[in-house]
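A.B. asks: Each chain, written out:
2 protein chains.
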Amino acid sequence: MNQRNLLIVSTSTVHGKGYLAYCEDAIKSFFDGIEEVIFIPFARPGGISHDEYTSVAKTKFNELGFKMRGLHEFDNPKKALEEAKAIFTGGGNTFVLLDQLINQGLIDVIQSKVSEGLRYMGTSAGSNITGLTINTTNDMPIVHPKTLNALALVPFNLNPHYLDPDPNSKHMGETRETRIKEFHAYNDQIVVGLREGSWLHVSGNKITLEGPLSARIFEKDKTPYELQPSDDFTFLMEQ
Amino acid sequence: MNQRNLLIVSTSTVHGKGYLAYCEDAIKSFFDGIEEVIFIPFARPGGISHDEYTSVAKTKFNELGFKMRGLHEFDNPKKALEEAKAIFTGGGNTFVLLDQLINQGLIDVIQSKVSEGLRYMGTSAGSNITGLTINTTNDMPIVHPKTLNALALVPFNLNPHYLDPDPNSKHMGETRETRIKEFHAYNDQIVVGLREGSWLHVSGNKITLEGPLSARIFEKDKTPYELQPSDDFTFLMEQ
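Protein chains in written order, with the numbering used here: chain Z, 589 to 827; chain E, 589 to 827.
So that you can see chain Z by itself, here it is in the shape it has in the complex:
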């Protein structure tokens, strides 16, 4: 039985609020009883350093009552993950994040430890990699990982920062919905469009949508549809 316990958060920050402020109650509850959370800073947004990024996350986690160290601070990151009780993977560039995890040989250890109960929280890129693949990231492919297969902690794909089409836009780039439709011309798995302000909580095979917004579900050859936090998301775990 898979003991996974995941908090899959669309964005670290919503407009007009501080870093992780809007979901801090959920974070406190998710990591309840944990002394130290290991931060994975590899997605390094805007190219900032691992130290700088860890400092941002640590300030907030300390405020919430948790110790925090960056995974890059350990001589043996694999051993650090084997001994960790909880990890938080921050957002930034999903390609850079996945590439680092692959190159440091950390995919397997995260998968096996999560299935044994290591608590995993991700935001944005850190959420994207909980899916089967990162083929539905919004990020620019600034590096080229050898595979787009991700952690597969859940049996579907994520699109964090899901954005509805803007009816007033004069820009001709593809909408998010068009892009995910294109994805389904080549791939079969369900994609969950997770809007900013939403997160999924996965505990074993139980899954709930939290936050005030609905999520948009994309299934191959079906019209996309909305599910509310009160709806049953169990089918996502049963594929």
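These aren't lab readings, by the way, just hints derived from the structure by calculation.
Errors might be hidden in some of the hints.
Just so you know, same-sequence chains aren't split out, so a pair can sit in one copy or run between any two.
Said to hold, decoys possible - With a straight-line Cα cutoff of 20 Å, these simulated SDA-like cross-link-like pairs (lysine to any residue) come out:
no. : residue 1 : residue 2
1   : Lys758    : Ala609
2   : Lys808    : Pro633
3   : Lys701    : Asn793
4   : Lys605    : Met760
5   : Lys734    : Asn691
6   : Lys769    : Gly635
7   : Lys673    : Leu652
8   : Lys605    : His759
9   : Lys769    : Glu640
10  : Lys808    : Pro743
11  : Lys734    : Asp687
12  : Lys734    : Asn775
13  : Lys794    : Thr822
14  : Lys769    : Asn726
15  : Lys758    : Pro633
Once you've looked at the hints, dock chain E against the given chain Z.
C.D. replies: Frame of chain Z; chain E shown alone:
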């Protein structure tokens, strides 16, 4: 001496106008004297078929006085390109486009024929692949090409559909400028942000920006800056 002759167009369509309507004079002039243009439909926007996509392009090119066939209609696409006088590569998904060109073994023949004078027009994804790599595409990585190295018909990278930050946006996804800054944490080449309504015309080592708008130039470790159509872009070809 490289005989390249390129029309690198940001978008096929600007808001409120028909397909290729806003730049049709430039297209007529670029392909002047050519009887038939070969269309490369591999980027297939929204997952439409190669036939459907070719039909869209052909209707417009016929109206402008050119014959057109899709590259997928030939039994031997490599031979078709060797014998072609002009090609037009349409937009869609840049990853799908590059993957097809690689898998069909067409990269080398396009590179060598373009250097001998085969006229090449691209829009959007078809423009993106004229750069050194597709690491600065806006597209979703719905397939995983074995490399992101592109046609390198010019010695820099492109960002078509370049979009200025929206000061009123409440969305927390990265701006295009932030993404390109991240690109420069891992890559050195200049990136040209080409706005919708703009195109570059490259003839040998001469390069001009056309259309009514400025372009945004991103150099590693420099503040991005604007260049007008009247400015000298020669430095881009001299790297």
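A.B. asks: Can you tell me if Lys734 and Asp687 fall within 20 Å by alpha carbon in one copy, between copies, both or neither?
C.D. replies: both (7 Å within a copy, 14 Å between copies)
A.B. asks: When no copy is specified for Lys769 and Glu640, does a C-alpha distance of 20 Å or less occur within a copy, between copies, both, or neither?
C.D. replies: Classified as between; 17 Å across copies, 37 Å inside a copy.
A.B. asks: For the identical chains here, do Lys605 and His759 meet the 20 Å Cα criterion within one copy, between copies, both, or neither?
C.D. replies: For Lys605 and His759, the Cα distance is within 20 Å only across copies (12 Å; inside one copy 28 Å).
A.B. asks: Between the shortest in-copy and the shortest cross-copy C-alpha distance, which are at most 20 Å for Lys769 and Asn726: within, between, both, or neither?
C.D. replies: both (14 Å within a copy, 16 Å between copies)
A.B. asks: Is the C-alpha distance from Lys673 to Leu652 at most 20 Å within one copy, between copies, in both cases, or in neither?
C.D. replies: Within one copy only: 17 Å inside, 66 Å across.
A.B. asks: I want to check one pair: Lys808 and Pro743. Are their C-alpha atoms no more than 20 Å apart within a copy, between two copies, both, or neither?
C.D. replies: within (15 Å within a copy, 39 Å between copies)
A.B. asks: At 20 Å max between alpha carbons, let me know whether Lys758 reaches Ala609 within a copy, between copies, both or neither.
C.D. replies: between (33 Å within a copy, 16 Å between copies)
A.B. asks: What label fits Lys794 with Thr822 when the C-alpha limit is 20 Å: within, between, both, or neither?
C.D. replies: within (6 Å within a copy, 59 Å between copies)
A.B. asks: If the cut is 20 Å between Cα atoms, do Lys734 and Asn775 qualify within a copy, between copies, both or neither?
C.D. replies: both (18 Å within a copy, 17 Å between copies)
A.B. asks: For Lys808 vs Pro633, is the C-alpha pair at or below 20 Å within one copy, between two copies, both, or neither?
C.D. replies: For Lys808 and Pro633, only the inter-copy Cα distance (16 Å) is at most 20 Å; the intra-copy one is 31 Å.
A.B. asks: Treating 20 Å as the Cα threshold, decide for Lys701 and Asn793: within, between, both or neither.
C.D. replies: within (16 Å within a copy, 56 Å between copies)
A.B. asks: Regarding Lys758 and Pro633, is the shortest C-alpha distance of 20 Å or less found within a copy, between copies, in both, or in neither?
C.D. replies: Answer is between: at 18 Å across copies they meet the 20 Å cutoff, but 28 Å inside does not.
Checked against the numbered hints listed earlier, the structure breaks none of them; every hint is satisfied.
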